[in-house]
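> In case you want the letters, here they are:
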Amino acid sequence: MNLFSEAYDGMLVVHVDEPRLDAAIAIRFKEQMREVTVQPAPRVILDMSKIEFLDSSGLGAVVAVMKSLAPHRQLELCGLTGNVDKVFRLTRMDTVFRIHPDLDTALNSGRKYA
Amino acid sequence: MRDTSTGEGPAPRPDAAPPPRIFHLSFPASAISVRSSLRAALARFARVMTPDEAGTLELILAEVLNNIVEHSYRDTGVGTITLSMVRDTQGLSCSVSDDGVPLPMTCLSQTDNKDSRPSPESLPEGGFGWFLIRDLATNLGYTRDGNRNLLAFRLPLAPMLVRAAG
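Going down the list, the protein sequences come from chains A and B. Numbering-wise (this note's numbering), the first sequence opens with residue 1 and increments by one. Numbering-wise (this note's numbering), the second sequence opens with residue 115 and increments by one.
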């Protein structure tokens, strides 16, 4: 499970460097997210641009991470590829996440609040 | 469109009537084996479907197979899953069998109700799997045959004529 994080002012960006976020790595994803989000930042942005395939276990893991950060910290998503975006839309979970088309947009949207 | 006549006109080109494509695989009931099986199944049919259709197929199969690993075989890692698929003119016919515990009928009982999706506002961490299967697959059927679960479904696909960029 390859996750790495970078701090931008007020934001923690977590890159998922895996082609799949599925049942095989969902638990490890949750564990590693807990570790990398130890450092404080009100906004956590999950860069999903490398993920080509997401199943319901992967989706559930992303939801679990969002819930573990709430209420004081928000999980936002960016860079959803076609198949990943489809899962969010079919399940309507796109309505409960703040989703940015790409990382630049996510970072710029942060500046408004800075 | 389809020329079923005989004895007139030139012989059909070899690519005019593609042979049925069949996939059959038995594999251990583990999440890692599911991954490699998905890769093999997708590779077999990648050239007779669009990338979008392939994404849908992979999602349905992943949900069905991982459900078997987690629930039918209760994550023991012991057990065998058998997956069979046939490409016909209208799509893919898939059947999956396993020797685990019976599938609860509630998983299929909402087949006609596509709105049976978990409520997003409740921030559900599960329950999406069968919703996605019911939403994306057609002709979903299940039977318990002795100690065996048999699940069958179809995925409608665009006709596999002219797929130039295959």
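A few of these clues could be false.
[Unchecked claim] Result set (EDC-like, lysine to aspartate or glutamate): computed pairs, CA atoms no more than 16 Å apart in a straight line: (1) Lys30(A) to Glu239(B); (2) Lys67(A) to Glu235(B); (3) Lys50(A) to Glu18(A).
If you're looking for bench data, these hints aren't it; they were derived computationally from the structure.
> Each hint: holds or not?
Against the structure, the hints:
1. The straight-line distance between the Cα atoms of lysine 30(A) and glutamate 239(B) is roughly 12 Å, inside the 16 Å bound, and the hint therefore holds.
2. With a C-alpha separation of about 12 Å, the suggested pairing of lysine 67(A) with glutamate 235(B) holds against the 16 Å cut-off.
3. A distance of roughly 6 Å separates the Cα atoms of lysine 50(A) and glutamate 18(A); the hinted pair therefore holds under the 16 Å criterion.
When the structure is compared with the earlier hints, no violation turns up for any of them.
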